[in-house]
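> Single-letter residue listing:
2 protein chains.
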Amino acid sequence: MSDFENFLDYVGEINDLLCTINILNWDANSNMPASGAKTRGMQLGTLSKLAQERLTADEFGKLIAKAERAVASESKSSYRFRMVEQTREAYDISRRVPAALLEEHARNRSVAEKVWVQAKANNDFAQFAPYIEKFVALNQEMCAAIGYGDGHPYDAMLRRYEPGMTVTRLKTMFAELKNRLKPLLDQIVTSDVQMPIEILKGDYPADQQRAYCIQLAEKLGYDIGRGQHADSPHPFEISFTSNDVRITNRYKPDILAGGLFGMIHETGHALYEQGIDPQLARTPLATDFLSQYAVGGTSFGAHESQSRLWENQIGRSRQFWKLHFKELQDNFPTQLHEADAEQFYRAINHVEPSLIRVEADEVTYNFHIMLRFEIEMGLLDGSISVNDLPDVWRRKMVEYLGVEPPDDSRGVLQDIHWAFGQMGTFPAYSIGNIMSAQVFQAAHSQLPDLAVNLAEGRYRPLLDWLIENMYRHGRAYSPDELLVKMGGERLNAEPYLDYVEQKYSDLYQLR
Amino acid sequence: MSDFENFLDYVGEINDLLCTINILNWDANSNMPASGAKTRGMQLGTLSKLAQERLTADEFGKLIAKAERAVASESKSSYRFRMVEQTREAYDISRRVPAALLEEHARNRSVAEKVWVQAKANNDFAQFAPYIEKFVALNQEMCAAIGYGDGHPYDAMLRRYEPGMTVTRLKTMFAELKNRLKPLLDQIVTSDVQMPIEILKGDYPADQQRAYCIQLAEKLGYDIGRGQHADSPHPFEISFTSNDVRITNRYKPDILAGGLFGMIHETGHALYEQGIDPQLARTPLATDFLSQYAVGGTSFGAHESQSRLWENQIGRSRQFWKLHFKELQDNFPTQLHEADAEQFYRAINHVEPSLIRVEADEVTYNFHIMLRFEIEMGLLDGSISVNDLPDVWRRKMVEYLGVEPPDDSRGVLQDIHWAFGQMGTFPAYSIGNIMSAQVFQAAHSQLPDLAVNLAEGRYRPLLDWLIENMYRHGRAYSPDELLVKMGGERLNAEPYLDYVEQKYSDLYQLR
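So the protein sequences, as listed, match chains A and B.
Taken in order, the first sequence gives residues 293 to 803; the numbers are from my numbering.
Taken in order, the second sequence gives residues 293 to 803; the numbers are from my numbering.
In isolation and in its complexed conformation, chain A is listed as follows:
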């Protein structure tokens, strides 16, 4: 075998381990009885450790060095070059993080998750605080180990999840979001216009919702023959190769919207993964070494951009329900018999500042993220202490959204991310929102028939364009590179802000 093939062979085994971790997690969330959790945790621990050992092995360094020589004269944007370049980056970063640090992180995590569940149930922040404290210390160590030059410790975290992104860029981005979304939100909350949200409530049996949702996913292009659907308490998408991409969802029997948009959201993630060139299977371009996921999407934010594009730009559009409401109504004839497409469109786009991130609408969502970004930065640079967290949270909620959590369960304890010790991934949600608008705009400018196709329910041309320009490349290009290749600019909030302003000014009859 050539040096490059030896390199790929080694990476392939790391990818196998990461895919296996995905399968263990899929099973844990969709099939496993609760009694299996303890040994499953051991199995996951062993697999993670083995993946990490292989990622940081001296032997791997030698293989990478040889592969670097093999591709040295090739184009810097070729897949082969990128494979080696990205692996080198991941290898160097990983080698700088001591194994003992990762083990301590994992140990803290295995307890923190359970404590977080209890603390959230009991509204007892003090119970959880020591674990965040510990994670902050460990993550600070990790940032120092990874390195962030003259920047912010948070930059080190971003290198793991969001190639090309920095605190400086994020600060500008969130400032732009705030500058235009805050006045918009102020107008909306003082508006007299009401959305008919009551039509979403009623008797919506889970089985019927599930059946319709699966149809919808397939309509948008999800190939369930190369995947599977299951129920789980929290919806997610997970893949073990682009030929086996699964989605889960949950259905509340007394409300329609959650299940519906959860499904379209996960479908967006799945379309991305199913669209990756099968030739990239088991290569670095389908392996996220640094966050230990076997995924093909090029960053957390880019991945989120596609769940958002399908969920929001398509699924929450007037166009979409003009076309499909009849069908939805046929599936729920008694529940929806008095509603019409326009009412449904208005109901699903109801804006209301609320306490809970995952229930937030398109206008308020980014404020939830901004708050978390600022808090995570403060924790890592030491300007916010863990003890102050609940107060900081409440203050920022009031400042950004005008609502104050009555307890910490609905405040600082609401997300699981910190119980995993994860800091640095929240910005991906806002990056995704912004990027979804840029990508959708690019598609419109390059596909003259797109509007007509969407109006007539043909989603395949858009999907094909996304596959051709984005999905198939896997992790070969950074989000910025992809956006530029599509004929646009690097990440830029303007198209997203234009979209939100226009849509909600219309809905709430503003100006």
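Bear in mind the hints are in silico, worked out from the structure with no lab data behind them.
One or more of the hints may lead you astray.
Given that identical chains are not distinguished, each listed pair holds provided it fits within a single copy or across any two copies.
30 Å max Cα-Cα, derived DSSO-like pairs, lysine-lysine [to be verified]:
id	residue 1	residue 2
1	Lys-618	Lys-341
2	Lys-511	Lys-341
3	Lys-614	Lys-368
4	Lys-330	Lys-426
5	Lys-358	Lys-330
6	Lys-330	Lys-354
7	Lys-368	Lys-493
8	Lys-341	Lys-358
9	Lys-688	Lys-463
10	Lys-511	Lys-330
11	Lys-470	Lys-777
12	Lys-493	Lys-474
13	Lys-354	Lys-341
14	Lys-406	Lys-474
15	Lys-618	Lys-354
16	Lys-544	Lys-777
17	Lys-688	Lys-426
18	Lys-544	Lys-354
19	Lys-618	Lys-463
20	Lys-330	Lys-341
21	Lys-795	Lys-777
Position chain B relative to chain A; hints supplied.
Below, chain B without anything else, positioned relative to chain A:
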């Protein structure tokens, strides 16, 4: 950590890898779309390789040596002593098998399986022959590497699956079976007595069968809260710890018996695994290093003894259906409304020499095994050539069962075992039959109320006794040791033959 703890820690990780392989296989058989098969194969290959590397590592040898010193003064029948002793045996055997040999075996297997499927479909033995040829050569090498002293090469294979078993013992055992079962079968086939098998045929919707079968499994003691049920083309039981033991089954909509007894059979396997002391999780006593399964049953044969005990001694007894037929009838009121318990009992115990092992009854089953045992021995010692296989098969079928396969698909190509390159596991089916009768006899002699309890549908006392005397020990004791501990003899065909003769003499009104 102490030397013994270090040893357990290392074994725990091997167990994690083997459990993970089980989960990959479970998923492949119950959830995975066909398109995921290619990368799943790579994932399984990588995991097997890693497990094998760790099993044969120098480091492991040192840990075992230290653990041997740690337990040297302890009782030879203590769990701790057994853990080390069995690991030493597995380590030494594994170290003697070259990695290159295993890899070639795996490579041949990855192609052979597909070729076998085609060859079976096309009735084309010649297409498959080269792969068996290769496996015979590789398995001969493996036998030589493992070693078999003055014995038969097959003895080396038996060391992997059936502790304490030898070709000499098996030859005696099969001779005993043949001596008493052949005359019995001859009487049955010439008997005028007919079993009312037509009542098993009809419209038995899969959903209804599944619902009843799951009830039945739970009635016998399967804790579905510590497991799961799924459909799969071939029924199997698989575990990832004694707290997560799953079963699959298949239901033919035009016949009742297959699904029913498939389910009871897998339930028997599951009861064994669920009964293993949770303290043994991840230890050598819940890890079958040599066949790369993470199972707690002490041998293939011992495991099979429990599926057979529940399926045959309980599930095919007159007693059982006297008690439960009404309930079955209530589940299939139109289909079974003219039948009664005695008819049903007779129908499910119909004896008929047939071509296919998996469809065989209690009287003919062992002949199918005998034939395979003799052929595998002949292949390994060179007295049977691969080219002669179809003829040898036909000749032996006529000799033992009086039926001749009209084609190789229903002859030598029927089982998947050789497509896996597996030789040496078939005897486990007959060992299981024999052992099931010995265990059931021991239970009767030690539980005076057993007959009454079974007659009144209380299965828990039997299960508790089995857990106490067999299941909880995991792999700590050999099948022979377990039988002796239960107050009986080492493996001995007599109780089984008495049982079969008595049951079928009654059913067919012989003598």
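> Each hint should be assessed against the structure and marked as holding or not.
Checked hints:
Neither within a single protomer nor between protomers do Lys-618 and Lys-341 lie at most 30 Å apart by alpha-carbon distance, with minima of 52 Å and 55 Å respectively. For the homomeric pair Lys-511 and Lys-341, neither the shortest alpha-carbon distance inside one copy (40 Å) nor that between copies (41 Å) is at most 30 Å. In this assembly of identical chains, the alpha carbons of Lys-614 and Lys-368 never lie at most 30 Å apart, being 46 Å within a copy and 77 Å across copies at closest. Taking the shortest Cα distances, Lys-330 and Lys-426 sit within 30 Å of each other inside one copy (23 Å), while across copies they are farther apart (42 Å).
For the identical chains of this complex, Lys-358 and Lys-330 are inter-copy neighbours only, at 28 Å across copies versus 41 Å inside a copy, given an alpha-carbon limit of 30 Å. In this assembly of identical chains, the alpha carbons of Lys-330 and Lys-354 lie at most 30 Å apart only when taken from different copies (29 Å versus 37 Å within one copy). For a Cα distance limit of 30 Å, the shortest separation of Lys-368 from Lys-493 qualifies neither inside one copy, at 54 Å, nor across copies, at 68 Å. For the homomeric pair Lys-341 and Lys-358, the shortest alpha-carbon distances inside one copy (25 Å) and between copies (24 Å) are both at most 30 Å.
When the C-alpha separation of Lys-688 and Lys-463 is checked against a cutoff of 30 Å, the pair qualifies only within one copy, where the shortest distance is 16 Å, while the shortest distance between copies is 81 Å. When the C-alpha separation of Lys-511 and Lys-330 is checked against a cutoff of 30 Å, the pair qualifies only between copies, where the shortest distance is 27 Å, while the shortest distance within a copy is 39 Å. Taking identical chains as interchangeable, the C-alpha atoms of Lys-470 and Lys-777 lie at most 30 Å apart only when both belong to the same chain, with a minimum of 28 Å there against 76 Å between chains. Taking identical chains as interchangeable, the C-alpha atoms of Lys-493 and Lys-474 lie at most 30 Å apart only when both belong to the same chain, with a minimum of 29 Å there against 71 Å between chains.
Taking CA atoms no more than 30 Å apart as the test, Lys-354 paired with Lys-341 passes in both settings, with 21 Å inside one copy and 21 Å between copies. Taking the shortest Cα distances, Lys-406 and Lys-474 never come within 30 Å of each other, neither inside one copy (36 Å) nor across copies (62 Å). For a Cα distance limit of 30 Å, the shortest separation of Lys-618 from Lys-354 qualifies neither inside one copy, at 61 Å, nor across copies, at 71 Å. For the identical chains of this complex, Lys-544 and Lys-777 are neighbours neither inside a copy (41 Å) nor across copies (55 Å), given an alpha-carbon limit of 30 Å.
For the identical chains of this complex, Lys-688 and Lys-426 are intra-copy neighbours only, at 24 Å inside a copy versus 71 Å across copies, given an alpha-carbon limit of 30 Å. For a Cα distance limit of 30 Å, the shortest separation of Lys-544 from Lys-354 qualifies neither inside one copy, at 53 Å, nor across copies, at 56 Å. Proximity of Lys-618 and Lys-463 under a CA criterion of 30 Å is satisfied in neither setting, with 44 Å inside one chain copy and 73 Å between copies. In the homo-oligomer, the alpha carbons of Lys-330 and Lys-341 lie at most 30 Å apart both inside one protomer (17 Å) and across protomers (25 Å), since each shortest distance falls under that limit.
With identical chains, the CA atoms of Lys-795 and Lys-777 are at most 30 Å apart within one copy only, with a shortest distance of 27 Å there and 78 Å across copies.
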